[in-house]
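Let the hints inform the model, and build the full structure from the sequences given.
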Amino acid sequence: MLKPLGDRVVIELVETEEKTASGIVLPDSAKEKPQEGKVVAVGTGRVLDSGERVAVEVAVGDRIIFSKYSGTEVKFEGNEYLVLRESDILAVIG
Amino acid sequence: MLKPLGDRVVIELVETEEKTASGIVLPDSAKEKPQEGKVVAVGTGRVLDSGERVAVEVAVGDRIIFSKYSGTEVKFEGNEYLVLRESDILAVIG
Amino acid sequence: MLKPLGDRVVIELVETEEKTASGIVLPDSAKEKPQEGKVVAVGTGRVLDSGERVAVEVAVGDRIIFSKYSGTEVKFEGNEYLVLRESDILAVIG
Amino acid sequence: MLKPLGDRVVIELVETEEKTASGIVLPDSAKEKPQEGKVVAVGTGRVLDSGERVAVEVAVGDRIIFSKYSGTEVKFEGNEYLVLRESDILAVIG
Amino acid sequence: MLKPLGDRVVIELVETEEKTASGIVLPDSAKEKPQEGKVVAVGTGRVLDSGERVAVEVAVGDRIIFSKYSGTEVKFEGNEYLVLRESDILAVIG
Amino acid sequence: MLKPLGDRVVIELVETEEKTASGIVLPDSAKEKPQEGKVVAVGTGRVLDSGERVAVEVAVGDRIIFSKYSGTEVKFEGNEYLVLRESDILAVIG
Amino acid sequence: MLKPLGDRVVIELVETEEKTASGIVLPDSAKEKPQEGKVVAVGTGRVLDSGERVAVEVAVGDRIIFSKYSGTEVKFEGNEYLVLRESDILAVIG
Numbered sequence: 001m002l003k004p005l006g007d008r009v010v011i012e013l014v015e016t017e018e019k020t021a022s023g024i025v026l027p028d029s030a031k032e033k034p035q036e037g038k039v040v041a042v043g044t045g046r047v048l049d050s051g052e053r054v055a056v057e058v059a060v061g062d063r064i065i066f067s068k069y070s071g072t073e074v075k076f077e078g079n080e081y082l083v084l085r086e087s088d089i090l091a092v093i094g
Numbered sequence: 095m096l097k098p099l100g101d102r103v104v105i106e107l108v109e110t111e112e113k114t115a116s117g118i119v120l121p122d123s124a125k126e127k128p129q130e131g132k133v134v135a136v137g138t139g140r141v142l143d144s145g146e147r148v149a150v151e152v153a154v155g156d157r158i159i160f161s162k163y164s165g166t167e168v169k170f171e172g173n174e175y176l177v178l179r180e181s182d183i184l185a186v187i188g
Numbered sequence: 189m190l191k192p193l194g195d196r197v198v199i200e201l202v203e204t205e206e207k208t209a210s211g212i213v214l215p216d217s218a219k220e221k222p223q224e225g226k227v228v229a230v231g232t233g234r235v236l237d238s239g240e241r242v243a244v245e246v247a248v249g250d251r252i253i254f255s256k257y258s259g260t261e262v263k264f265e266g267n268e269y270l271v272l273r274e275s276d277i278l279a280v281i282g
Numbered sequence: 283m284l285k286p287l288g289d290r291v292v293i294e295l296v297e298t299e300e301k302t303a304s305g306i307v308l309p310d311s312a313k314e315k316p317q318e319g320k321v322v323a324v325g326t327g328r329v330l331d332s333g334e335r336v337a338v339e340v341a342v343g344d345r346i347i348f349s350k351y352s353g354t355e356v357k358f359e360g361n362e363y364l365v366l367r368e369s370d371i372l373a374v375i376g
Numbered sequence: 377m378l379k380p381l382g383d384r385v386v387i388e389l390v391e392t393e394e395k396t397a398s399g400i401v402l403p404d405s406a407k408e409k410p411q412e413g414k415v416v417a418v419g420t421g422r423v424l425d426s427g428e429r430v431a432v433e434v435a436v437g438d439r440i441i442f443s444k445y446s447g448t449e450v451k452f453e454g455n456e457y458l459v460l461r462e463s464d465i466l467a468v469i470g
Numbered sequence: 471m472l473k474p475l476g477d478r479v480v481i482e483l484v485e486t487e488e489k490t491a492s493g494i495v496l497p498d499s500a501k502e503k504p505q506e507g508k509v510v511a512v513g514t515g516r517v518l519d520s521g522e523r524v525a526v527e528v529a530v531g532d533r534i535i536f537s538k539y540s541g542t543e544v545k546f547e548g549n550e551y552l553v554l555r556e557s558d559i560l561a562v563i564g
Numbered sequence: 565m566l567k568p569l570g571d572r573v574v575i576e577l578v579e580t581e582e583k584t585a586s587g588i589v590l591p592d593s594a595k596e597k598p599q600e601g602k603v604v605a606v607g608t609g610r611v612l613d614s615g616e617r618v619a620v621e622v623a624v625g626d627r628i629i630f631s632k633y634s635g636t637e638v639k640f641e642g643n644e645y646l647v648l649r650e651s652d653i654l655a656v657i658g
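Chains as they are written, first to last, in this note's numbering: chain Z, 1 to 94; chain X, 95 to 188; chain Y, 189 to 282; chain V, 283 to 376; chain G, 377 to 470; chain B, 471 to 564; chain D, 565 to 658.
Accuracy of the hints is not assured; some may be wrong.
Away from chain Y, derived, C-beta distances all over 10 Å, residues of chain X [to be verified]:
| id | residue |
| --- | --- |
| 1 | Lys97 |
| 2 | Val108 |
| 3 | Val154 |
| 4 | Gly155 |
| 5 | Thr166 |
| 6 | Glu167 |
| 7 | Val168 |
| 8 | Gly172 |
| 9 | Glu174 |
Computed, partial: chain V to chain Y, Cβ under 8 Å [as the list claims (entries may be wrong)]:
| id | residue |
| --- | --- |
| 10 | Met283 |
| 11 | Leu284 |
| 12 | Lys285 |
| 13 | Pro286 |
| 14 | Gly288 |
| 15 | Arg290 |
| 16 | Val292 |
| 17 | Thr326 |
| 18 | Asp331 |
| 19 | Thr354 |
| 20 | Val356 |
| 21 | Leu364 |
| 22 | Val365 |
Keep in mind that the hints were calculated from the coordinates and are not lab data.
Predicted model, so just to flag it, every value in this text is computed and none were measured.
Heads up, the beta-carbon is just placed ideally off N, CA and C, and yes, glycines get one too.
Given below as structure tokens:
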């Protein structure tokens, strides 16, 4: 298991099979990078100058929209994850 | 539904049909990018170093003027939205 | 009406007709950009890290001098305004 | 009268007639830009994150040395002023 | 022994022998730089503006994932270490 | 007299006559810029976000080492001074 | 004696004679810049926004590893020193 630090969040990408109007499945390079993910682990939150730790606003299992190209790709036990900072998350799908 | 994080706000663009003096409807590329939007969701607000969370100054339904080219475009359930930071919002039309 | 957010201020430009020594009225492009404006709306002020909100130092009706090229031009109900941050205002004419 | 905002200060430039060794008065372009001014108005001071407002360290009438090329030139009622931030002031001549 | 300062952490790189599908062991230059390490020493943590010191979130012995190319390589008593800032650590493997 | 503002310090440069091995006195342009000075005036210190003013760590008469090329040269009553920020001072010679 | 200001530290470089495998002593330009030093003086520490002064984490006599190319070289009474900020120090050898 990956336990992210601070205000970091580990997500799995949520990809949807894309077909063109004519029904042809597009290969990966022809698709836009995904902007959607599912949270698999959250950090303990960032620490303010006052010493208070602010809990991350998302929870494990949440589906989120994040800024394209943000985060760091990590391979772990054969799976691919993305480690984001909470500030890279735009919205939760709820 | 999209629930934006922190001081983020989700808006729908408010576009007005534009006609030239001669009555010709202009196609999209000939128009300036819109600067007006309607708030559809607001985040919980940003957290100060003191630990206090500051509520976003706009509310769902507000019509706003925002800085051109700011924010991130998001497609969700067939609709297009823009996720802005509160600081990208110049004024509320009230 | 436009209600600016945070430490923003909405102003109308104050332009004075400019004549050359020979009495010719100069067209707009030959004049320097105005540096003077009249405040038409003020925001609620910026929030400090302590949580305190600091009222904007100018009031509606004040005539101000502001930094050239600062602010964002906004058209609203046929009028042109400039949305400034309070920090773009150099001085009040009083 | 000009009332500067925050930690701003309005000054008049103090220029001294410059002669070369041979007694020729130098035209303006041949002189270095002045670094000396007289304070004509001071702002209310900047606001700290604690909410405290810090009074400007200079007073009306003070003669000051300031960083060359800093500040914004403002014409008001036929006179030329320079609006500086307090941090552009190096020292008071006392 | 190396005792890192502040929010710094000393790690040893964890490298795994890499074989291609055909069983050929890849020389070092053909492999991606490692992203995995084992913590061998932790600093006392960073000091907040409030004066509070925040303990580092990782402990000696932890296996971590860190941002590629971050940190400073240090040779000490014949061994190679990497000195990271805590903020370069993405996640703990736990 | 020059009274520096905030965390500023006024110094006189301390120059030592430099001779080459053959006893030739080097003209000014052939020497490195001095890094040593004597404090002639100190400001009231910088103000922290807490509102506290922190006294400058050097006193009038102190000989100091400062970062080359830092500070602003000021001529006053025929003398040349350098106005430094306290943070440009590396060490006191004591 | 040099008394560094704030969070600064004065160190002497610790250089080790380097021989190639064949026993040839390398001249200085062929060696990497040293990364090791001995602390000879420490400042009073940096002041936080809360007004608290944080003591430097190293003490006179400590041997340290520091970031290459950081700090300012200073000659004093015929010796060469390096003035570092505490944040340039990676670790203490203990």
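Going through the hints against the structure:
At the 10 Å boundary, the C-beta of Lys97 of chain X stays outside the reach of chain Y, the nearest C-beta of that chain being 21 Å off. The beta carbon of Val108 of chain X sits about 13 Å from the closest Cβ of chain Y, which is more than 10 Å, so the claim that it is off the interface holds. Separation of Val154 of chain X from chain Y is adequate, the least Cβ-Cβ distance of about 16 Å exceeding the 10 Å criterion. Taking the minimum C-beta to C-beta distance to chain Y, about 14 Å, the non-interface status of Gly155 of chain X holds against the 10 Å cut.
With a closest Cβ-Cβ approach of about 19 Å to chain Y, Thr166 of chain X is found to remain outside the 10 Å limit, as its non-interface label requires. With a closest Cβ-Cβ approach of about 20 Å to chain Y, Glu167 of chain X is found to remain outside the 10 Å limit, as its non-interface label requires. No beta-carbon of chain Y is positioned within 10 Å of the beta-carbon of Val168 of chain X; the least distance is around 22 Å. The Cβ of Gly172 of chain X lies farther than 10 Å from every Cβ of chain Y, with a closest approach of about 30 Å, so its non-interface assignment holds.
Taking the minimum C-beta to C-beta distance to chain Y, about 23 Å, the non-interface status of Glu174 of chain X holds against the 10 Å cut. The criterion of a C-beta within 8 Å of any C-beta in chain Y is met by Met283 of chain V, whose closest approach is roughly 6 Å, and the hint holds. This hint holds: Leu284 of chain V has a C-beta 4 Å from the nearest C-beta of chain Y, less than the 8 Å allowed. Given hint, Lys285 of chain V at the interface with chain Y, holds; its Cβ is 5 Å from that chain's nearest Cβ, closer than 8 Å.
Checking Pro286 of chain V against chain Y: minimum C-beta separation of about 5 Å stays under 8 Å; hint holds. Given hint, Gly288 of chain V at the interface with chain Y, holds; its Cβ is 7 Å from that chain's nearest Cβ, closer than 8 Å. Annotation: interface hint on Arg290 of chain V holds; nearest CB of chain Y at approximately 6 Å, less than 8 Å. The beta carbon of Val292 of chain V is positioned within 8 Å of a beta carbon in chain Y (closest approach about 6 Å), and the interface hint is therefore held.
Evaluation of the Thr326 of chain V hint against chain Y yields a held restraint, the C-beta minimum of about 7 Å falling below 8 Å. Checking Asp331 of chain V against chain Y: minimum C-beta separation of about 4 Å stays under 8 Å; hint holds. With 8 Å as the threshold, the beta carbon of Thr354 of chain V comes within range of chain Y, its nearest partner Cβ sitting at about 6 Å, so the hint holds. A distance limit of 8 Å between C-beta atoms decides the matter here; for Val356 of chain V the minimum to chain Y is near 6 Å, and the interface restraint holds.
Here the hint on Leu364 of chain V is broken, as its CB sits about 10 Å from the closest CB of chain Y, past 8 Å. Checking Val365 of chain V against chain Y: minimum C-beta separation of about 5 Å stays under 8 Å; hint holds.
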